[in-house]
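**Student:** We have chain A; now place chain B onto it with these hints.
Number of protein chains: 2
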Amino acid sequence: MQTEISNFNFYNPTEIVFGKNRIPELDRLVPKNKKVLILYGGGSVVRFGTLDKVKEALPNRTIGEFGGIEANPTYETLMKAVELVKAENYEFLLAVGGGSVIDGTKFIAAGAIFDGDPIDIFGAGIGKGLPVTKSLPFGTVLTLPATGSEMNNGAVVTFVEKKAKLSFGSPFSFPKFSILEPELTYTLPTRQLANGVIDSFVHIMEQYLTYPVGGMVQDRFSEGLLQTLIEIGPKVIDEKNHDYNLRANFMWTATNALNRILAPGVPQDWASHSLGHEITALYHIDHARTLAIVLPSLMEIRQHEKREKLIQYAERVWHITDATEDEKIQLAISKTRAFFEQLGAPTHFKEYDLGEEVVEPLVAQLEKHQLTAISERRDQTLEISRRIYLNAL
Amino acid sequence: MQTEISNFNFYNPTEIVFGKNRIPELDRLVPKNKKVLILYGGGSVVRFGTLDKVKEALPNRTIGEFGGIEANPTYETLMKAVELVKAENYEFLLAVGGGSVIDGTKFIAAGAIFDGDPIDIFGAGIGKGLPVTKSLPFGTVLTLPATGSEMNNGAVVTFVEKKAKLSFGSPFSFPKFSILEPELTYTLPTRQLANGVIDSFVHIMEQYLTYPVGGMVQDRFSEGLLQTLIEIGPKVIDEKNHDYNLRANFMWTATNALNRILAPGVPQDWASHSLGHEITALYHIDHARTLAIVLPSLMEIRQHEKREKLIQYAERVWHITDATEDEKIQLAISKTRAFFEQLGAPTHFKEYDLGEEVVEPLVAQLEKHQLTAISERRDQTLEISRRIYLNAL
Numbered sequence: 001m002q003t004e005i006s007n008f009n010f011y012n013p014t015e016i017v018f019g020k021n022r023i024p025e026l027d028r029l030v031p032k033n034k035k036v037l038i039l040y041g042g043g044s045v046v047r048f049g050t051l052d053k054v055k056e057a058l059p060n061r062t063i064g065e066f067g068g069i070e071a072n073p074t075y076e077t078l079m080k081a082v083e084l085v086k087a088e089n090y091e092f093l094l095a096v097g098g099g100s101v102i103d104g105t106k107f108i109a110a111g112a113i114f115d116g117d118p119i120d121i122f123g124a125g126i127g128k129g130l131p132v133t134k135s136l137p138f139g140t141v142l143t144l145p146a147t148g149s150e151m152n153n154g155a156v157v158t159f160v161e162k163k164a165k166l167s168f169g170s171p172f173s174f175p176k177f178s179i180l181e182p183e184l185t186y187t188l189p190t191r192q193l194a195n196g197v198i199d200s201f202v203h204i205m206e207q208y209l210t211y212p213v214g215g216m217v218q219d220r221f222s223e224g225l226l227q228t229l230i231e232i233g234p235k236v237i238d239e240k241n242h243d244y245n246l247r248a249n250f251m252w253t254a255t256n257a258l259n260r261i262l263a264p265g266v267p268q269d270w271a272s273h274s275l276g277h278e279i280t281a282l283y284h285i286d287h288a289r290t291l292a293i294v295l296p297s298l299m300e301i302r303q304h305e306k307r308e309k310l311i312q313y314a315e316r317v318w319h320i321t322d323a324t325e326d327e328k329i330q331l332a333i334s335k336t337r338a339f340f341e342q343l344g345a346p347t348h349f350k351e352y353d354l355g356e357e358v359v360e361p362l363v364a365q366l367e368k369h370q371l372t373a374i375s376e377r378r379d380q381t382l383e384i385s386r387r388i389y390l391n392a393l
Numbered sequence: 001m002q003t004e005i006s007n008f009n010f011y012n013p014t015e016i017v018f019g020k021n022r023i024p025e026l027d028r029l030v031p032k033n034k035k036v037l038i039l040y041g042g043g044s045v046v047r048f049g050t051l052d053k054v055k056e057a058l059p060n061r062t063i064g065e066f067g068g069i070e071a072n073p074t075y076e077t078l079m080k081a082v083e084l085v086k087a088e089n090y091e092f093l094l095a096v097g098g099g100s101v102i103d104g105t106k107f108i109a110a111g112a113i114f115d116g117d118p119i120d121i122f123g124a125g126i127g128k129g130l131p132v133t134k135s136l137p138f139g140t141v142l143t144l145p146a147t148g149s150e151m152n153n154g155a156v157v158t159f160v161e162k163k164a165k166l167s168f169g170s171p172f173s174f175p176k177f178s179i180l181e182p183e184l185t186y187t188l189p190t191r192q193l194a195n196g197v198i199d200s201f202v203h204i205m206e207q208y209l210t211y212p213v214g215g216m217v218q219d220r221f222s223e224g225l226l227q228t229l230i231e232i233g234p235k236v237i238d239e240k241n242h243d244y245n246l247r248a249n250f251m252w253t254a255t256n257a258l259n260r261i262l263a264p265g266v267p268q269d270w271a272s273h274s275l276g277h278e279i280t281a282l283y284h285i286d287h288a289r290t291l292a293i294v295l296p297s298l299m300e301i302r303q304h305e306k307r308e309k310l311i312q313y314a315e316r317v318w319h320i321t322d323a324t325e326d327e328k329i330q331l332a333i334s335k336t337r338a339f340f341e342q343l344g345a346p347t348h349f350k351e352y353d354l355g356e357e358v359v360e361p362l363v364a365q366l367e368k369h370q371l372t373a374i375s376e377r378r379d380q381t382l383e384i385s386r387r388i389y390l391n392a393l
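The listed protein sequences correspond, in order, to chains A and B. Under UniProt numbering, the first residue of the first sequence is numbered 1, with each subsequent residue one higher. Under UniProt numbering, the first residue of the second sequence is numbered 1, with each subsequent residue one higher.
The hints are simulated quantities; they were obtained by calculation from the structure and are not laboratory data. Some clues are possibly wrong.
Stated by the list, open to error - Straight-line alpha carbon distances no greater than 25 Å define the calculated SDA-like cross-link-like pairs of lysine to any residue that follow:
1) Lys134(B) x Pro31(A)
2) Lys240(A) x Val213(B)
3) Lys235(B) x Glu351(B)
4) Lys176(B) x Pro171(A)
5) Lys34(A) x Pro13(B)
6) Lys235(A) x Gln2(B)
7) Lys335(A) x Arg316(B)
The shape of chain A in the complex, shown without the other chains (with noise of 0.2 Å):
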């Protein structure tokens, strides 16, 4: 067990343009004299017409569209587009949208130029889990702030028939540009930007709630973050709050979530999304509302592994100070609770209609992904990740 900051690499070129009526500068940040092809989701880049700003800004370009990139981006869907790109030879994807396009849009770049079957870029039983060596260069016009896509070079990418969700990540898959602008996130519902705070939310818990090695500014950075969302958390749920700034701290607190600034050179468990990924895929809940019924019940199984960690978040997160140490981690642990809640995400599988028929199949998914040894010690058995499901019902 690592006992120092390990060492690490850091490397991030993905450029940021942030702020108001940024979008009009993407003639200048998508090159001239390339074929693009935009990619999009469902209809609310058309209806709120963030797709026509985008060709606007886009003047004397062949342009292609590629749209109906859905939540949890298939990779059926997705070869579609990869088909796309190489008959129609484009040389600049833009992805316009939250995680799931951009995801996608990762996938698509990289797969239009793979040496192979792009199914290998997978592994875990899917595909042979080849790296990535190169990719079609693309930026982002973020409009959901959650997965912290929009500057990292990871995706996840969902196998329907397969019912499995798969990453991949390069140094070749950062966005060359993306563009966030605050102001695009006004139009979202309720219940997605719930979904973008939990998401941004847990993704820090992943790098920070571990055991600790004493990297002083990793923990600060993760707990300055953490406190954000605490405290913006119920506000930004608020549909119809369109105050600027309150905003604009939600769509960068959830970029910097997942940008690498905090996971450098410090453990990472990520078991939280493994088992959350799979209650996605059989039973098609949100992303951000598995892991709210995920981690709550995975900090009071590990609440030993994780002990230190834990009482640091409850002093340092909740200042949670005049308490014995087993208190204040049920105090952390129950006001973690709480906050999904007041967000709107149930933390059980009761309050979906779901009982002790889902703890085997979930179990059995992670064994067919082979996540038999997970968390920042690889010690999360399957019997552990069983007794976690088990203790969320």
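**Tutor:** Leaving out everything else, chain B in the frame of chain A:
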């Protein structure tokens, strides 16, 4: 005056290679088949074997050396390197040293392929202030945490005859990579360690102690780094304390203090640096030690303009809660002063045997360098700067 988080671009493509025994990776990081010029300062990188380790890590390459880049690197010295690079057609530069060597290398890399006279890279009455539009690629091996130059695109150069310290920056002036080995700090004397702590501290303050615009991520990150320096500073300056994490936290804090992650969308001051640079230029006091003279005095003189942020600083960085607002401000200032003194840096001119005779020459220097309307509101006149110098006697 800005009342919200303003529009910003954030871009930082430098690859950080952090930890133990990373110098051998230079073989991967430095392009092969390029003529490489290694730049360094005084003899310490020779004496402690760092230069040998660097050269060993670069087999089968044509390598040259340019030593003697001084603290506060001079234009005159750097132009000799520019001529050498041109004459010998060096294609990649490798800075081995602290902020002075890295700053110098940034200028050499830009100056060697500048269209025109490199003096025109500077403004402020010295040159024409023309933009840098290209640069030779360069990397760094950092030996002294302090300036953040290893992960930003700015540099300060000293003009001896003209008694001026002038800066430049460009999007082309980021290091391609920087190797950060905390163990390289084990040979540093107390005074240089203290200078690094103070320099980093004031870099953060220049981006934090302005007026509030509600940038929560930026403020929490700044407060986290300030707290870290307050916590570790007194231990860091013990040159015999070779605790790895202590030095790792110091190094990573110093880098983050000026890689712009604290700055996006919030006001910045930099008046302490402006006033400090003139002290170095006229009286040859170490850069960091001039900041220890200027900042506490500036906080006192400018406490009305910086009132809200001073209270926030008192509460969130020094945890002063049980006091009136005015008491909080006074306590925060006196604690800042005590922190610098504890690090061995005097906060008054008199401790350098300098008196009132310094004030008018310093003010004249500010005037000559067109620093007549500085700070976050551009409202720090020469008269206010004079009062700050007088208050620091």
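**Student:** It remains to establish, for every hint, whether it holds in the given structure.
**Tutor:** Evaluation of the provided hints:
1. Of the supplied pair hints, the one linking Lys134(B) and Pro31(A) holds, its CA atoms being roughly 19 Å apart against a limit of 25 Å.
2. Using a Cα cut-off of 25 Å, the hinted pair Lys240(A) and Val213(B) holds, with the two alpha carbons roughly 22 Å apart.
3. For the proposed pair Lys235(B) and Glu351(B), the alpha carbon gap of about 24 Å is at most 25 Å, so the pair holds.
4. Between Lys176(B) and Pro171(A) the CA atoms are separated by roughly 15 Å; this keeps the pair inside 25 Å, and the hint holds.
5. Between Lys34(A) and Pro13(B), the direct Cα distance comes to roughly 24 Å. Compliance with the 25 Å bound is thereby established for this hinted pair.
6. Our distance criterion of 25 Å between C-alpha atoms is met by Lys235(A) and Gln2(B), whose separation comes to about 23 Å.
7. For the suggested pair Lys335(A) and Arg316(B), the alpha carbons sit about 22 Å apart, so the restraint of at most 25 Å is met.
The structure is consistent with each of the numbered hints, conforming to all of them.
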